Structure formats: structure tokens, C-alpha cells
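> Given only the sequences and the hints, what does the whole structure look like? Please build it.
Protein sequences appear in the order of chains F and D. Reminder that position 51 of the first sequence reads as 50 in numbering that gives the first Met the number 0, one-by-one numbering, no gaps. Reminder that position 224 of the second sequence reads as 223 in numbering that gives the first Met the number 0, one-by-one numbering, no gaps.
Simulated from the structure, these hints should not be mistaken for laboratory data. Because the structure is a prediction, the values reported are computed rather than measured. Don't take every hint at face value.
Any copy, or any two copies together, can satisfy a pair, since identical chains are not distinguished.
[Stated by the list, open to error] For lysine-lysine, the following PhoX-like pairs were computed, each having C-alpha atoms within a straight-line distance of at most 20 angstroms:
#, residue 1, residue 2
1, K140, K217
2, K248, K16
3, K349, K404
4, K87, K404
5, K404, K248
6, K140, K210
There are 2 protein chains.
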Amino acid sequence: MADLELMSRLSDEEETKILLVVLDGLGGLPMIPEGPTELEAARTPNLDALAARSICGLSTPVAPGITPGSGPGHLSLFGYDPIECLVKRGVLSALGIGFDLQPGDLAARGNFCSVDPETGEITDRRAGRIGSDLGARLCEKLNGVQLEGVDRVFVEPVKEYRFALILRGEGLEDGLTGTDPQETGVPPLPVKATRPEAEETAELVNQWLEKAREVLAKDAQENNHPANSCNLRGLAKEPGLPQMPDVYKMRCACIATYPMYKGVARLAGMDILSTGPTIEDEVATLKESWEDYDFFFFHVKKIDSRGEDGDFNAKAAVIEHFDEVLPDMLALEPDVVIVTGDHSTPALCKNHSWHELPVLLWSRYVRRDDATTFGERPCMRGGLGHINHVDLLPLAMANAGRLEKYGA
Amino acid sequence: MADLELMSRLSDEEETKILLVVLDGLGGLPMIPEGPTELEAARTPNLDALAARSICGLSTPVAPGITPGSGPGHLSLFGYDPIECLVKRGVLSALGIGFDLQPGDLAARGNFCSVDPETGEITDRRAGRIGSDLGARLCEKLNGVQLEGVDRVFVEPVKEYRFALILRGEGLEDGLTGTDPQETGVPPLPVKATRPEAEETAELVNQWLEKAREVLAKDAQENNHPANSCNLRGLAKEPGLPQMPDVYKMRCACIATYPMYKGVARLAGMDILSTGPTIEDEVATLKESWEDYDFFFFHVKKIDSRGEDGDFNAKAAVIEHFDEVLPDMLALEPDVVIVTGDHSTPALCKNHSWHELPVLLWSRYVRRDDATTFGERPCMRGGLGHINHVDLLPLAMANAGRLEKYGA
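Pasting the structure below:
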């Protein structure tokens, strides 16, 4: 693996364009062992024609056997070591609701819960799964809680009993434990620092919890609802990743429809282009902004969604839908095209899985292999062999003529 | 990747012989997408027959997407991590002219330049590309410049306006910036230390520069030529690599015709055998010294040269030329043969490239694959799969029975 420092040293500004298409959850499995995968079953004449002109392979998002969440699955595609650069749940939770996280922010995932008013012991970790309306009202109330030692506190509703807490200020430190004991009959845990530098921040968060719980206890009593306390998990700082435009000397754009993917792209330093909800909208955005960027991250969400539904045919249908717009994208004449996914989501599993991703890489400078269709099995015998997500962007950079020679 | 310390622990003296053939710039590309590569187009019955008895694959010299210079491309073939062991331009420049660099030497690449005598600003970074004769005379003159604090100063002509500066003495330190501002209209920069340990060395080099520039200014005025100053770049110490004979318990020899490759081999601790300019001369040298060494690095340069010319047919012709002498080499009955290159140089690119190298490994103990010809596409499906240069020498050692079992 080439590291970001080496990339930064070798990368050059050039007039070439790279298109990275991420079909979320693309990798699949046959429903019966001898059957096709979703991608193999889908009618994809345009992807097949592109695969025939490309070099293909299977790519591991994080490491063999590791099922990635959306964060690591994308960060590795953007060239970051997904183990070194783990983005924690608190940050992803904030990104997932479209919160504009700033460098230095500390974020946590919050859950409203129920505690016994006498003993303080947790009686329901999800506060009877209260509705989103009540959750939102409670967040609004908690937004009024002031905290000395930070500039701003944001409490943002996520869904039902879930919320996001963001502290903004100088000197907030990573390395904090959560408060949820993961069982009932015991009180919430205090936030603790796992490294000495974080002790002050732990103290701040505990102060916020004390105040927030007072507000919630009072509100629950007055309005007769079960959300009389809360827990925090996954406390983490905005990771301060090296920014793609600096590392790769490219103007980088993200075209995606869901907040989570826009958020991860923003962590990496991409510009987030505003676009509509359909694949066609995304293609229109790609066309409009084609001249303004060197690198495009083009994200198609619904393939993953149908995989999580366990709906093999519906997942194949979204792949076919993407195949129909592919010629319009290729008509823009990118110098390098990569098509792959961030992780597999086989309908058979109804969930993310650890399986490798089919990947195709096209440029003028690839050595074609024998693959004439795009699918897991042709890719298994492809010329890229078994590769890692983190190596795809360096390869794209090389094929775009954007990397200088290393050493004399 | 097995590291050198492990190799050193496991390696044993044995009566077996390893032949590493490096066809410089071997990897290629088709000129039209569906065409053959240079190696595939070349008529190579002997390489094909050897490939059929071997295990084949594609090998990455440094990392995916990284285009290696000759230094990293060879060091990885000799088992050194090419990122950890980057050999800088100053050292390679000295090696390239056959200078006998010693451990602890500090080397720099020098350029004669023109400066405005009044302001000291650079007016021509290459001194009007003065001829090699004048360059050599100026080097001779600079060789007379004494410098307190070092044992010896060598100023060696390279070509035209380029020279190599080597300081020899105790306590010289790495971590120095160059003086060339890469533009005209500004004066040369002073050498600066990038780490505190190098400050004394920076001061020494700046003293040399002051004296050298005085000599050049005087000579330019007296003899009316434009080379009235000079710049230094790529200042670096001889890297002090672990020596192959110690690590691998092998007597190691280099057969190469160009100073650069002999130089890199010497850095690795090989004996440099004197040989003539043709491939036949090199084979004769191999025969003569066969009994005296366990490991031979056999280098064929012209394949790369013709690739850099962009001459597909001429590159294929040099490969065919090598193929003709291969039976004479195999008649020596080496126990292990590896044929590969240090990097790709596709005629299509007219330059080094990032593409993987075809590689074949023959010994009594390989598992043969289906490859019956030697070429990029058969190797793509070869039994070695996708491998890294740095892993080839450990594999050769194992096939030569020169590595003990690891652990009980």
C-alpha cells in the first residue's frame, strides 16, 4: 500500500479526469449455490461492454473477513487506511443527519432512556422506543442547556429515541468511554477518559449529562413520558483527515443523495454537489459540473437498500437502472473510470457482508483481461487479481498520469 | 513480506545457485488495445519453454500505481523494502558515473549555472548547457578546492552542465535541502538542515559552495564562459544498507553494463564483475565466474532504452536477442532462475510505468501452472498470482534450499 505521504509527494496537477462510481452494496451472492449473483443476473449490456475494455478484479474493502460499515468502505476507496482512519459512530451519526461537522468538533450518538427515579437504575435503554416527534421536541429542549468551557452545544434528532450530540470548542479531546452499560437494572456509567489528555473533556461531557438528565427528568414528569434520562455512545472527534485536494492535487467532488455519504466525502475534503434524488438527477449534476473538477465520487445508494431488504430481483433492477445511464456518463470522456462498491450486501444476507467487491478499471493504459461481462465470477479471474480498495485510487491516479516517478 | 532480519536468521550456506535475470523495463502494453505487448510480440521460444516449466505471475515493484525509478525497482528485487530504503538522487548520480561510494560518504548532484555577477541572481539554471569538455575541466579545477572538516572532496563530471559532488569524512549527516530554486531571477538558496543533527554538515556544504563559486566566477571571467556558479540537489548519504552476503549467506555477483546498476548492486554488497558491452559478453562473464558465486544479478539494459524510445519493434528485438542467449545460461544448470524486470517501460508510454512485471520462477520445486508462453497475459493467470518484487528473493532462497524452517 502506498501511503498518503507518498501520494502527496508524487501527485501532480494534470488535465485528466477520474470517475469513481460506487454502487453501494454492489457485491452479492447467489440465492442458490449454482445460481447467479444479483450483478450477474442483471441485464447490463453497458457495464459488460465497459468490462470487456477494462481490467477487472475482486477488491477487499478493509481486510479479509471484515464486513465494513459505510465509513470504512468509502474511506478505503478514497485512499485512506480504513483501520488507521476509523471514523467512530458519534461522527458518523452526525454526518448521517447532514450535520456540518467542523474540525475539532466532538460528536456522540445519544439514546434517550428510562431510569428508575428512586435508584437511578436503567429500566429501558430505548425509553419505550418513543416516537420521532417526542425525540425531536426533547432535542430542542436540550439545545437550551448551556455548558461552560465549550463554545456551542448541538443536540440534533436522528430518529425515535436516537439523537446526536455535538460539542464545539477549543481543546476537546478524543479518547472517551460511553455511558450505556448495555443492560438494565444498573445506572448509566460516567464518561471516562482512556488517555490523560481527555480527562478535561470527560469532565465537560459528564457536566452536560448531569444538566441534560435534570431537564429530561423534569420534562418526563411534567409530560408523563418514559424518556427521563439519556446515554451517550461512540464519542469521537472529527478525525481531521488529510484532505484529498491537498494529497492528490485534484479538485474533488461528491455526487450522492444520502447525508452519510456526503458527510464521509466532506471529511475527505471533497466539495459536495447538490443534486436531486434520482440516478438521472445525479448524472445531470455530473454533466453540469464536469469542467469544474478532476475527481468525481458518484454514489448510487439504492442497490444496498434493496440488498438489505433481501430482495434479489429489486437489487438487480437498480443495477439495471444504473446500467441505462452509464453511456451518458462515459460520453463525458473521463480518462479513468472505476466501477465498484463500498461493501457487499447480498440479498441472501439482508445485510452488509465481508465478500470482495467486483471492480473494473478502465483507462487507455490498462492491460485488458478476458472478462467480457461484469460479475463476481468473471472478476474472480480478472487481470487485477485480488486487490484492496485502498490501492484503487493510487492506480486511478497512475492511469490518469497524475503520479510522478518514485526515486531516480 | 519477510524482513531482512528474518532472512538473516533463517538463511544458510548451501551449494545451490540462484540466477536473477533483470530485463530492464520488461513490462509493456499493446499499441492498440487488442494487440500484443512487446514481450508477447517477440519470438521467444526459449523463454516460452522455460515459462512452461516454471511458475509465472505478475509482480509489483513498489506499490500499486507507483512508477519506480531504477533504484527502487532494483532494491526491491534484492529484497529491500523500496519505500524504507529510498536511495536519493545524489547517491544515484554518483553511482551512475561509477564512483566508488564508501559508507558514510555524502553525495550530491551538481549543476553548473549562470548568475548575474552584480545581483547574484540565477540567469540560466544550466549555464547555457555547456559542453562536457568544459564541464570536465571545471570539475578538475573544483577538485583543487580544499575544505576543512572533511577528509576528501570529489567533484566528478557527469555530462554537460551536470556533475557529482562527494564529501568523505567522519560525522557527515543526511537531511539537507538543495540550493536550486528551480527558477531564474532569484539567487541560489543556502543548504539547510532538515534535522538538527545535520546542521554542521549543512554549514560544511555551504562553505564548499562559497569557495567553489569563487573559483567558478574567476574562471568564467578569465575564459569567457557562462558557468560562473553552481547548484546542488538531492544531497544524501550512502545509505548503509544491510549487505546481501551477510543477510543471505551468499556470495553475490552483479553482471551489468551500465554504471547505475553496478552502483545499486554495490550498495547491496555485491561484487561487480567486469564485463563487455554486449549481452554475449555478459553471458561469457557469467560462465567464467559461475563457480565463484552463489547469486548472480544479470542485467540487460537495452530493453528499457528501446521502450523509452517508444520503439515497440526494437524493444521486442532486444527481448529476442536475450532469448537467443538464454540456453547458454541455463546450460550452467542454476538451481533457481527468476526472469523479470525492475519496472515496466511500455513503448506506448515512452517512459517507466506503474504496470506489473511478468515474472517466471523456475526450480525443481515449483508447482507449474498453465502458462506455456512468457507474456503479460499468460502471467496474469499464472500460479504466482499477483506478487511483490520484495517477495521474489525470499522465494528464490527457499527454492534453493537456503532458508531454514521458521519456528519449531
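> If a hint holds in the structure, say so; if it doesn't, say that too.
Checked hints:
Proximity of K140 and K217 under a CA criterion of 20 angstroms is satisfied intra-copy only: 11 angstroms inside one chain copy versus 82 angstroms between copies. For a Cα distance limit of 20 angstroms, the shortest separation of K248 from K16 inside one copy, 12 angstroms, qualifies, whereas the shortest one across copies, 47 angstroms, does not. Only between protomers do K349 and K404 lie at most 20 angstroms apart by alpha-carbon distance; the minimum there is 13 angstroms, versus 44 angstroms within a single protomer. Taking the shortest alpha-carbon separations for K87 and K404, only the inter-copy value of 13 angstroms comes in at or below 20 angstroms, while the best intra-copy value is 36 angstroms.
Taking the shortest alpha-carbon separations for K404 and K248, only the intra-copy value of 16 angstroms comes in at or below 20 angstroms, while the best inter-copy value is 33 angstroms. Taking the shortest Cα distances, K140 and K210 sit within 20 angstroms of each other inside one copy (12 angstroms), while across copies they are farther apart (75 angstroms).
Going down the numbered hints, you'll see the structure goes against none, and every one checks out.
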